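Just so you know, we're using this note's numbering here: the sequence shown kicks off at 1 and counts up by one.
Careful: at least some of the hints might be erroneous.
Pair ranges (Cβ atoms, derived) [unchecked claim]: (1) F64 to L40: 27 to 37 Å; (2) V13 to L56: 16 to 26 Å; (3) D115 to D65: 39 to 49 Å.
The hints are simulated quantities; they were obtained by calculation from the structure and are not laboratory data.
Every value quoted in this text rests on a predicted model; they were computed, and no experiment measured them.
Ideal placement from N, C-alpha and C gives every residue a C-beta, glycine not left out.
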Amino acid sequence: MPAQAGNELGVRVGGFDDFYFGLEWQTPATIGPATIVPSLDFSSGDLDAVLINGDLRWDLLPVFDSGTVIYGKAGPTLLFADNNNEIGLSLTIAADIGLQKGRSLQFEWRFGLGDIPDSKIGVALMFRL
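Whole structure, please, built from the sequences with the hints as guidance.
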């Protein structure tokens, strides 16, 4: 499965209300069945901000032998804007599609609880390190 492949680093883009781009690192470190997946996003639009996400990822459903897995993520999000620093909780449902040569493509729908963006949809291209 792509999630258990180990060290991966990727670039991500997306939006809903605001455009964002960033970096995601899928570490080889785990906590029980969860993989540690921190990310850093830069948001532009109604709110120019930097977001730091400290997610844990759980693989929920492998899709046969296709190299694709449905997964969920949850974790705290720190938001730093001009005069506005906030914290919230992010919940994510996503698909990780394994590609050739140690790459994968991820499609995510992230929901924010608290004083962070309510919803965003994004895609990430991950590279095995």
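Numbered hints the structure breaks, given as an ascending list: none
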